[in-house]
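2 protein chains.
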Amino acid sequence: MMFEKIALIGIGLIGSSIARAVHQHGLAGSIAISTRKAETLAEARALGLGDSYTLDSAEAVRGADLVILCVPVGAYGAVMADIAQSLRPGAILSDVGSVKEHVVKVLAPLVPKDVSLIPGHPIAGTEYSGPAAGFAELFVGRWCVLTPGPEVAPQAVAKLRGFWQAIGSKVEIMDPGHHDMVLAITSHVPHLVAYNIVGTVADLEAATQSEVIKFSASGFRDFTRIAASDPVMWRDVFLTNRDAVLEMLGRFLEDLSVLQRAVRMSDGPALEAMFTRTRAIRRSIIDAGQETAIADFGRPHGAEAPAVAEVSENSAFVARADHGGGDDA
Amino acid sequence: MMFEKIALIGIGLIGSSIARAVHQHGLAGSIAISTRKAETLAEARALGLGDSYTLDSAEAVRGADLVILCVPVGAYGAVMADIAQSLRPGAILSDVGSVKEHVVKVLAPLVPKDVSLIPGHPIAGTEYSGPAAGFAELFVGRWCVLTPGPEVAPQAVAKLRGFWQAIGSKVEIMDPGHHDMVLAITSHVPHLVAYNIVGTVADLEAATQSEVIKFSASGFRDFTRIAASDPVMWRDVFLTNRDAVLEMLGRFLEDLSVLQRAVRMSDGPALEAMFTRTRAIRRSIIDAGQETAIADFGRPHGAEAPAVAEVSENSAFVARADHGGGDDA
Chain D
1 MMFEKIALIG IGLIGSSIAR AVHQHGLAGS IAISTRKAET LAEARALGLG
51 DSYTLDSAEA VRGADLVILC VPVGAYGAVM ADIAQSLRPG AILSDVGSVK
101 EHVVKVLAPL VPKDVSLIPG HPIAGTEYSG PAAGFAELFV GRWCVLTPGP
151 EVAPQAVAKL RGFWQAIGSK VEIMDPGHHD MVLAITSHVP HLVAYNIVGT
201 VADLEAATQS EVIKFSASGF RDFTRIAASD PVMWRDVFLT NRDAVLEMLG
251 RFLEDLSVLQ RAVRMSDGPA LEAMFTRTRA IRRSIIDAGQ ETAIADFGRP
301 HGAEAPAVAE VSENSAFVAR ADHGGGDDA
Chain G
330 MMFEKIALIG IGLIGSSIAR AVHQHGLAGS IAISTRKAET LAEARALGLG
380 DSYTLDSAEA VRGADLVILC VPVGAYGAVM ADIAQSLRPG AILSDVGSVK
430 EHVVKVLAPL VPKDVSLIPG HPIAGTEYSG PAAGFAELFV GRWCVLTPGP
480 EVAPQAVAKL RGFWQAIGSK VEIMDPGHHD MVLAITSHVP HLVAYNIVGT
530 VADLEAATQS EVIKFSASGF RDFTRIAASD PVMWRDVFLT NRDAVLEMLG
580 RFLEDLSVLQ RAVRMSDGPA LEAMFTRTRA IRRSIIDAGQ ETAIADFGRP
630 HGAEAPAVAE VSENSAFVAR ADHGGGDDA
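Quick note, the sequences are listed as chains D and G, same order.
Just so it is clear: in the first sequence, position 244 is 244 by this note's numbering, and no numbers are missing.
So the mapping is simple: this note's numbering equals the position in the second sequence, first residue as 1, plus 329.
These aren't lab readings, by the way, just hints derived from the structure by calculation.
There could be a bad hint or two in this list.
[Said to hold, decoys possible] Output of the computed footprint for chain D on chain G, the stretches with three or more beta carbons under 8 Å from beta carbons of chain D:
#1 332 to 339
#2 359 to 372
#3 454 to 468
#4 484 to 498
#5 530 to 541
#6 550 to 564
Please read all numbers here as calculations on a predicted model, not as lab measurements.
All residues carry an ideal CB built from backbone N, CA and C; glycine is no exception.
From just these sequences and the hints, can you work out the full model?
Okay, here's the thing in structure tokens:
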């Protein structure tokens, strides 16, 4: 047992995956779960994700030696105002948000002196949201970034590192600003671009749109997965990592202008050169164990492919506008 | 048996998948395979994909009642010059290229009067190339677009439709220009954008690039799959569908400017509204049976996830600059 009591504030995809992983590895004496919406709390209870359930986040954190915020980043200020006075001396306060500099700015001034603030970001997720979407293996083989300030005791950092390793993650310590720049290009700009191209399709006339859906296996459907991620979580990412996103989006747009010009000028050699160099990056990702080498992501083909009727039943998206979980791949 | 002899010119991902499917369903008396490179031909022979193998495409098409061009679109002119005089009267000439108006323009003037030109485009593929990458189930449940001109006999169209249906496809008849516009937004622009973002990453300084690879599960890796597709095939797509690509890319860029401005102005409601409407499109694609509803494309997580060493062995990309197959999803 690593912690006496873990409090999870927010129980979406990430929070519920942490809860399941903690259970599976027996890492805590008890898990307290708090959400803002009664409905989400009832769902977590029905799934048996914790040992206690409350709408009062201050009650959840009382006596907890590890508190993890698993709500959209935009809700951190309100949550922190509620819990600051109830944090246990010596506790570790962490989170799973996709931006880190803003999180430090919001949380640090409110954290009591005897509490260790160690912001965190597990680089893992799926396109689904809500308590039912989580699973214990979500973090296995994935990276978790921690961004402790210089004032945090090394023992506290070591303890939280051990926790993430125990549930299968590899851990990297980073500066919050550098984290935000790296994630802007690996995550935030790709999501923006994916949302954008799906939006462009949504604006096509209805007849063409139905053809786009039919013929989506030609590339488009890959983009729709990340564009199905939790809208509130992503709104907050762009509101809180604006500068890094605009910087990386600027680079992306410059490059796209060059490519657009090559298309307009029918510059075959430039296009072929561009399309050739990008293969090496994917190979590196596969070699690093961060992607499967199976063709087409291992999507089912032929007889394994689900029939249309069968798929429809499983395709309900859980849109959750309050506690949508902290991250989404 | 549907055809006496099928000639496949080019035996990459798509050609070799057709060969396997034809064998599996017993649709042809014999399959003749022709490639430009001896090496590729030897590979096809070793895989037992056909009944005869030749570097001379004219020899391959002699006596064939169905000829399918499975080479990059840029090679069509040269292939057609070689085979035109050897096509059997009454034969159907088709292809699997990702653009259709250009194909008609190049092929139609060279097709003998007694041969039916029915351009085709199976909307199916993976990111891998070459004869070994194909499999018989590739076309099951996927759409195949045929774009016959008004001069083609309905019986010939019905026969080719029946062929694609026999190997599992659903068939749609379209105008070539309309096909090119729909594919520009479902396939060509998504590929351009994916190549572009992977290119932006390739230009980052080396230290950041290694972090991008580590943290690629946050969104970026989805883009790398389609950016690993055959470079020559894609060069030809952009050279031959320029106008439709520039039109759809223009729309995409206008929309991206709006989104960029919303980020710059910290317009939360606009961002959330944009990120919410895109979910419905993915649901439609899943409901249409063109995508799996399994989280994260069903990528392996946890214990199922391949170890790094194991993956490395399977991660060889077959770069094939001549006969790369006709399409790639």
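Violating hint indices (sorted, rising): Hints 1, 2, 4 are the ones this structure does not satisfy, whereas the remaining hints hold.
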